[in-house]
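Protein sequence lines, in the order shown, are assigned to chains A and B. So the first sequence is numbered by the UniProt record's numbering: it starts at 1 and just counts up by one. So the second sequence is numbered by the UniProt record's numbering: it starts at 1 and just counts up by one.
For the record, the hints were derived by calculation from the structure and aren't laboratory data. Incorrect hints may have been included.
Each pair may be met inside one copy or between any two copies, as identical chains are not told apart.
[Stated by the list, open to error] Simulated crosslink set (PhoX-like; lysine-lysine; CA at most 25 Å straight-line):
no., residue 1, residue 2
1, Lys638, Lys228
2, Lys460, Lys646
3, Lys228, Lys464
4, Lys646, Lys275
5, Lys249, Lys646
6, Lys638, Lys249
7, Lys345, Lys134
8, Lys134, Lys254
9, Lys249, Lys317
10, Lys257, Lys638
11, Lys275, Lys465
12, Lys249, Lys134
13, Lys345, Lys257
14, Lys158, Lys553
15, Lys345, Lys656
16, Lys717, Lys317
17, Lys134, Lys717
These numbers come from a predicted model, not from an experiment.
Number of protein chains: 2
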Amino acid sequence: MATAEANALGYNLQVDYVIQYSFGDIDQPQAIENLQKLLRALNDVGLQTEVRQGDESSLLIFVRASKGQLKRAVYRSRVRDWLYGIRNTEPEPADSIDPHAETEAERLRVINHLITLPTQEGGAGITPQHGEWKNVTAVFPLHDEETNKRWMREWSQKTFLSEDDLDQIRNKFGETVGFYFAFLQSYFRFLIFPAVFGFGCWFLLGGYSIIYTVVNSLWCIIFVEYWKRQEVDLGCRWQTKGVSAVQTKRREFKPEKEVVDESTGEVRGVFPTTKRMQRQLLQIPFALLAATALGVIIATCFAIEIFISELYNGPLKTYLVFIPTILVSALVPTMSAVLVSIATKLNDYENHETSDGYDVALTQKVFVINFMTSYLPVLLTAFVYVPFASWIVPHLDVFRLTVRPFVSKEHSIAKRSNFQIDPARLRNQVIYFTVTAQIVGFAMETIVPYIKQHAFRKYKAFNKKRNGRSERNGDKESPERQPAIVFDDPAEEVQFLTRVRNEMELSEYEVTEDLREMCIQFGYLALFSPVWPLVPVSFFANNWIELRSDFFKICNEFRRPTPLRSDTIGPWLDTLGFLSWTGSITSAALVHMFSGNPQQGPNGEPTDIKGWALLLSIFLSEHLYLAVKYVVQTAMGKLEPPNARKERAERYLLRKRYLESTLTVPTEADSAEDDPSGPPGLSRVSLENEARRSSMQDTDPAERFWMRQRGWSESAKVGAGIIQAQPIARNTKKQQ
Amino acid sequence: MATAEANALGYNLQVDYVIQYSFGDIDQPQAIENLQKLLRALNDVGLQTEVRQGDESSLLIFVRASKGQLKRAVYRSRVRDWLYGIRNTEPEPADSIDPHAETEAERLRVINHLITLPTQEGGAGITPQHGEWKNVTAVFPLHDEETNKRWMREWSQKTFLSEDDLDQIRNKFGETVGFYFAFLQSYFRFLIFPAVFGFGCWFLLGGYSIIYTVVNSLWCIIFVEYWKRQEVDLGCRWQTKGVSAVQTKRREFKPEKEVVDESTGEVRGVFPTTKRMQRQLLQIPFALLAATALGVIIATCFAIEIFISELYNGPLKTYLVFIPTILVSALVPTMSAVLVSIATKLNDYENHETSDGYDVALTQKVFVINFMTSYLPVLLTAFVYVPFASWIVPHLDVFRLTVRPFVSKEHSIAKRSNFQIDPARLRNQVIYFTVTAQIVGFAMETIVPYIKQHAFRKYKAFNKKRNGRSERNGDKESPERQPAIVFDDPAEEVQFLTRVRNEMELSEYEVTEDLREMCIQFGYLALFSPVWPLVPVSFFANNWIELRSDFFKICNEFRRPTPLRSDTIGPWLDTLGFLSWTGSITSAALVHMFSGNPQQGPNGEPTDIKGWALLLSIFLSEHLYLAVKYVVQTAMGKLEPPNARKERAERYLLRKRYLESTLTVPTEADSAEDDPSGPPGLSRVSLENEARRSSMQDTDPAERFWMRQRGWSESAKVGAGIIQAQPIARNTKKQQ
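Only chain A is shown next, with the shape it has when bound in the complex (with noise of 0.2 Å):
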């Protein structure tokens, strides 16, 4: 570890933040003291800087923290931590530390706080973006590109990455990153059962059975609970639990009044909860709008589908056949954007305090509008089409008004009399979802932008080189090109300064996107893998690429991300419950429905569904999980993970140390007044007591109660007394 960051910190010249200052948009008095300004600010935290050009319109501003200033900085956060409960142990003082000892994610985060927190935090309180910085345009951290390729090369040969893979991505990226990949790996290490056993399933025993069914929902149960034994495991290991308490405020936090915490004497800033409250109320239409929105537009290309698919045959069917794939994907995303925009305007009006809150909030509005776009469509076919389709499809002939160019009488007749439910859609329609979707999904994500980028790159290459020759021409005034000819870099310097000048051009890294990308997948799983039961195969192959595309990503597609802190993959971890919720809905219905005849299922027609043998088996399924849930949640809460334990004896210890520092000693009189060693009412001391007490307060009761016998000896004998008063009596009876 030390070795590669010692590495990183040569490669990258000890840069520790690039910070992009773009003067493209205002006049150059105000940008030259804008900058000015901005230096000042940094040297002011003891941060040492170097200027280079970005681009036309840009600098580079390069920073690196001063070992005394780190040192500091370090011991800072640490005691914040220590007073927050993060970390048990009190940090040892500022000049004992080591800035070697603590991970490059840990000194990233500090240079960072260093930049970004306000001054009288003890920070040059920069913001980008934003207010009086929004000059500053980008602050980011440059990858160590040495140490990526060399981990991509190793994983790429190895099927699990080990604990000690996360936790290098931890230190490289932060713990926020490291959770997805941990997360991600579990859910890949979990996958494999069911992918053997559904494989078995699908080859023994077909789709819809109930064997699978119930194992792969009992394999939900127990990977969740897993996954939630397993945070707290990481967060002991990355002495990140609790972290959420440290939350720095968000800059957008608007406060209703200041108050005086009366208790612990700051001022903050509050906003009433029941206030947040009452407009979180909101959330409970917007829910039913997007649901509705989206829910229409699906359900009609869906019909649409249908109905030229199965129904219609007039002329030009090969084309019309499209139209609803293209109406979908043109509208839907659409209309998604639409409802995202809507729900971000409602988060923001929320005035959430801390960013956590925000994207906690933020993450629930999004996931209805996911789980409408990913679920809707087979939830439709499963639950609507195929019972109701031939009571359904007869009204779609309001289509056919549409298409009456087309399409000639007899046509429509001819057809609507033999209309056959398709019995492959479902399946079908699930296996494009959980493969060919993946697939397309991986390729969107990953390889489309890297190839735009590298084509951007190489674009910018041969247009440097023909303005290189151009110039040798000696038209030097062509203004816009002149910049991307000549950065008068030092020799040296071109080709880092090429490096971070690309870094620069690339976007910020949004870890719960990808996280999302897995919930969703995970929800296929729970909710329609009994249809197909080698979905788990195909999740299982994606997903292996997928943790390396998406570090990859992460390394060649995004800067470097400021690493973050989080114990907990957050929302998606409720989401991921509900999830395996709902499939113990689904899964029991889809069985019940389709089971009896496994080609097909129902023929369309309702009747020949026993509408209560259904909710029947809903209500049991659902509760057989319930229960099953809570009794693995019991278990799994019995069985303490290795870091929480190792963590809470600690903690137990650092106390016990504290404690027998503080120990006393019990004082002379003290020991004297009651010695343990001899019976108090015989030791000398004692006795003068119990003459002087006697003969001052004689009326007091009490005393004179206990002065009846002085000492335990003497109590003995009475007792004996009393004993052997008894107890003839009875022998004898007992000789009788």
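Knowing the structure of chain A, use the given hints to seat chain B on it.
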């Protein structure tokens, strides 16, 4: 408080604990030796003793803790708490503890520890009724009758107990009892609303009104969540948060092996959790057994009752109708007793480590039995008798055979034809369980024992007088009477000792019994109150009495309980949640089945209930319930209970104070190296450093990179240069 306590002390002659030592079953020398051992042991931990006669076969050993010992013991226990994170503040050293500052409960708890804790933990290691101490038949503190009487008087005048009253209860009887009364109090307070609302509904809408049902289950949710919050609050208020961590081991716990906890270095016996879990699996068959056993009994008696009351009308009917009642009240308790004993055996077999864990497990098992005995009859009526009567009743002819001798043929024929279910049965049953049964219960648990007790004392007094007389008549020899005549007590102590002897004869108080009662009551409210909306009214009235009578019970019919700590009502909390959940199912079903014709509901023909509609309404209501519950939970979770906030702030301040005491100033060298006042590059020291470095390691690219610009001002210049170089072009462009 302090004054009241002082009184109490004076009143009880400063006796802290009374130990009952029975020598009835062993011979004299043995008895005397044991007594000496006991007294010495007590003395060794610094407890002062006085011996008096108990009854013919037992001694009373009065125990008082000397100030110094008490101080040290209190300190030890507080430190222990602090070690386990129950106290945030480190306790002040022993000498500075004011032995009257701490509550009576704490003092008694500590002294109890002094008596019972094993010697290595600083106690006398006396284990009543166990091992070598089996002659110690009881260890109990004395009631503070004056205070108790005063409280009874005060409370009988007011409707609600104040927080202060609860604190006092806790100070006298410890947290477990305190928590029970706190719970009873909040439950009682919460009942106001449903009582009023229920009365309104009953008056306006009659039974089975949807509105009432919805409001009722909403109320259940809120109450349960509120109480959870309340527990946290009380836990902080009474400083017992996380107290379950300090549970003392069960004496009966059989460790499988001794291990040295490598991290804490403590040797402790362990029993593998997994093994215990395997054993706990036996709960499942047990639950099934209990359910069936009780189910069969209840169902049979139920059937017989229906047969006799509604089918049979032969001779002797007037007498026969009592048979089922007799059977039930004979068989059910017997069976329950059997099952409870099985449950206890199972629980022992599970070999729990802490008495807490043991109680929890036992409660869970016993709850199954309670559930059956309390709710099954009503459930049978509602969901078997009412819908299926007309199917089932004919099959009851089996009983006809048994009564063949009495009944003539035509009777039977005559009857079966025009059978009619009794529409009022369900409501009557509910009324019986929620009114009659409550009153009966109250009588059984409070009044009857009180009468018995007094009768007993009267008898003894009478007996004594007679013996007194007979003694004067000179027959001294009648041995078994003799002890009953004269305890040679000092005159002034007679009254006191009689009181003590009376208390000695009482039995021990078990708070869990009362809790169970309340939870079962809550169950009726959640499950069946839609049938008869006056249920909460009845409970409201009942609980006003319950609260007083329970207190009365503790004071007069039980020994004063040894104060125990707790931060929850324990497993009963889950029970409440479970019951209110089940309520969402049953009440939905009830309303769906009966709301149509409130007069009588379905006429015994299942045909007129739509299976799917019923199940659908259950499904919907349940999920609505869960959704609402989730919302309420999250909402309540956001509102931090006052004491919890205080506690957090306190912890925070504690740490902060501690921090400030350890905060180090940056050392000289440190601050010199990069003094924030001026740009580090320009400060003398660092200039030299720079020079030295550059000369030394000219080759290091990083150093060269960082030495190009010395300090922020140079950077600024360079930056300005670049900026000026650029924008001319742009400006010119702009102008174009």
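Hints, verified against the model:
no. : hint             : verdict
1   : Lys638 to Lys228 : both (13 Å within a copy, 21 Å between copies)
2   : Lys460 to Lys646 : neither (54 Å within a copy, 61 Å between copies)
3   : Lys228 to Lys464 : neither (53 Å within a copy, 69 Å between copies)
4   : Lys646 to Lys275 : between (41 Å within a copy, 22 Å between copies)
5   : Lys249 to Lys646 : between (32 Å within a copy, 22 Å between copies)
6   : Lys638 to Lys249 : between (36 Å within a copy, 17 Å between copies)
7   : Lys345 to Lys134 : within (22 Å within a copy, 72 Å between copies)
8   : Lys134 to Lys254 : within (19 Å within a copy, 68 Å between copies)
9   : Lys249 to Lys317 : neither (58 Å within a copy, 79 Å between copies)
10  : Lys257 to Lys638 : between (44 Å within a copy, 19 Å between copies)
11  : Lys275 to Lys465 : neither (60 Å within a copy, 74 Å between copies)
12  : Lys249 to Lys134 : within (19 Å within a copy, 63 Å between copies)
13  : Lys345 to Lys257 : within (22 Å within a copy, 61 Å between copies)
14  : Lys158 to Lys553 : within (19 Å within a copy, 70 Å between copies)
15  : Lys345 to Lys656 : neither (51 Å within a copy, 38 Å between copies)
16  : Lys717 to Lys317 : neither (113 Å within a copy, 70 Å between copies)
17  : Lys134 to Lys717 : between (92 Å within a copy, 21 Å between copies)
Of the hints listed earlier, those the structure fails to meet are numbers 2, 3, 9, 11, 15 and 16, in rising order.
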